[in-house]
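Asker: Chain residues, written in single-letter form:
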Amino acid sequence: MLIQKEMKLADVLHHDHNLVPVINRFDIHLGFGEATIEEICEDKKINREFFLTILNAYHDHQYFPKKHLQSFPASSLVNYLSKSHRYYLNEKVPEIESYIDDLKENKDLNTETYLLLKNFFGQYKTELTQHIEREENLVYPYVGQLEKYIEKGIVDRSFLEEMEAYSITKYEEEHDDVEAKLYDLKNIIIKYLPSTGNDSSYYKVLRELFMLENDLNDHSRIEDHILVPKVEAMEFTIKNMRTNDA
Amino acid sequence: MPERLSVILIEGSYLLQSGIQSLLSEFPGMRVTAIFDGSEKHLAEKVLAKKPDVLIIDPNTANLELLSFLREIDANNGMQVIGLISNETPDNVVSRFPHVLNFFECKYDLLESLKAILGKRILSAGKSTNNQNLSEREKTILTEIVLGLTNQEIADKLFLSIHTVTTHRKNLTNKLGIKTVSGLTVYALINKLVDIHDIEHK
Ligand SMILES: [Fe+2]
Ligand SMILES: [Fe+2]
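So the protein sequences, as listed, match chains G and E.
For the first sequence, this note's numbering assigns the number 3 to the initial residue and increments by one for each residue that follows.
For the second sequence, this note's numbering assigns the number 24 to the initial residue and increments by one for each residue that follows.
So that you can see chain G by itself, here it is in the shape it has in the complex (with noise of 0.2 Å):
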C-alpha cells in the first residue's frame, strides 16, 4: 500500500501499528482522531512530502522515492534520523537490557550463562553507540555545510578541497551493518540455549530483537536509499557554484 496525503493516519496505522514509533519521531503522538495526514502535517508545521517518505520507506521495503528527495531539506532528514537513533540508544537497547536481566528469574537457566547474554548484548550496544556517534559527529555536520553553502550560493575554495577528502561516497562504502551481532544473539538464542522447559523469558528478549533488528534495516535504508543520493545531489550542486576564494 503506498501511504498518501488524503489517508487518515488512524487507518495507516491499523494497517502497519509498527509505524508507531516512526510518527512519535515528528512528535505526533496517538489520540489523533480521523486526522488525515494532510492535516496533522499542517497542525504541526511538519513538512508532508518528507513524512510521506519516511512513511512509505519504512512500510514498504521497495520503495524507493526518486524525485521526491527533492522536496525537502536535508536537516529535515538528518534530524530525523538523530531522533531514532536516540531511540535506539536511549528506549529500545534499555528495554532489551531489562528483558536479559528478566532472564535471571528462569531458575533453570545457571548463572553463567545469563551473564554471558548480558555481556553479549553489552558489546553490542558499544558496537551500536560507535556507529551512531560516527554518523552524528562526522556525516552530519558535513551535510549541515553542504546546506549552508548552497543556501548561501556561492561556496569556499577551501570547502571544495574537503570535498575532495571526504564526500558522501565515502561514508555509502563504509557504512556497515550493525545487525551482524544481533543476528548471532537471535541464533543463539533459537538454537543453543539449554532448553528450560520455559520459553516465555526467551521468546520477550527474541521478540525485542526481531523488532530492532527491523528497525534497524529500515534505518540504514533510509540512510543508503534516500540520505546518500540526496547529498550526492547536493554535492554535485555544489562543484558547479561559484566559488569564493577562502
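Simulated from the structure, these hints should not be mistaken for lab results.
As the structure is a prediction and not an experimental result, all values here were calculated from the model.
Hints should not be assumed to be uniformly reliable.
As the list claims (entries may be wrong) - Below, a list of computed lysine-lysine pairs in the DSBU-like style, where the Cα atoms sit at most 35 Å apart:
1. Lys69/E to Lys106/G
2. Lys69/E to Lys150/G
3. Lys143/E to Lys150/G
Said to hold, decoys possible - Far from chain G, by Cβ distances over 10 Å, these chain E residues were calculated:
4. Ala67
5. Ile96
6. Gly101
7. Leu183
8. Thr187
Where is the CB? At the ideal position from N, CA and C, for every residue including glycine.
Please arrange chain E with the ligands on chain G, whose structure you already have, making use of the hints.
Answerer: Just chain E with the ligands now, kept in the frame of chain G:
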C-alpha cells in the same frame, strides 16, 4: 547458516523491480542486496564494490558506459551478469550479455532459465547444510578462534595451510549460523568447548 547468493538489480521500472524480486523469492537463498534505477553516478564502481554474485540488468535502464564492459565483469569478477530482454530487444544489445532472461516467458520457464544460468549454486543456496554437527577439527579451530588467535596463528599451530583454516572457519560459521567472534565465544562457552578463565587471560 546456508550460503546465500546476493543479487544486484539495475532496473528503473517499479513494476519490473517488483516482478523480478517476486520471481527471485522462489529461491530461498537469493537475496536482492541493492536496486539501482540506472541514473546513479559512478554506477559501475558502485556495483563492483558490492561484489554481488549475480547482476541483473535491464538494458533500457543502464547507461551505455556500463553496458560496454559487461562481458569483462562477468569473466573477471566471478559475477554472473544477466540481461533482462524482451522479444523486441535488438540483437546487438542481446549479444552484449553473457546470459539473458526473456521477461515474456512464463514463470516456470523463467525459473528454469535461472537454474540453467546459475547451475547448482542456486539450488544449494538457502538450504541448510545437512550435517549441522561440528567436526572435531572444526571444534579445535573454533576453540582457537575464541581464544583470540588469528587465522595465520591457527595455521602455524595446527600445521595447516591458511587456506584450510579459512575454509574450516567459513564452514563452521555457516553450520552454526554465528558470524561474529563474540557470538562464537558465547557458543563455545555454553557448550563448554572453552573455559571462561582461558578467555579472560587471553
Ligand atoms: Fe544511523
Ligand atoms: Fe547507519
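Asker: All hints, please: hold or fail.
Answerer: Structure-based check of each hint:
At most 35 Å may separate the alpha-carbon atoms for a hinted pair to count; lysine 69/E and lysine 106/G exceed this at roughly 47 Å. Between the alpha carbons of lysine 69/E and lysine 150/G the distance comes to roughly 28 Å, so the proposed pair stays at or under 35 Å and holds. With a CA separation close to 54 Å, the supplied pair lysine 143/E and lysine 150/G exceeds the 35 Å bound. With a closest Cβ-Cβ approach of about 13 Å to chain G, alanine 67/E is found to remain outside the 10 Å limit, as its non-interface label requires.
Taking the minimum C-beta to C-beta distance to chain G, about 19 Å, the non-interface status of isoleucine 96/E holds against the 10 Å cut. No Cβ of chain G comes within 10 Å of the Cβ of glycine 101/E; the nearest lies about 20 Å off, and the non-interface call holds. Residue placement check: leucine 183/E keeps its beta carbon more than 10 Å from all beta carbons of chain G (closest about 25 Å). Every C-beta of chain G lies more than 10 Å from that of threonine 187/E, the closest at about 24 Å, which supports listing it as non-interface.
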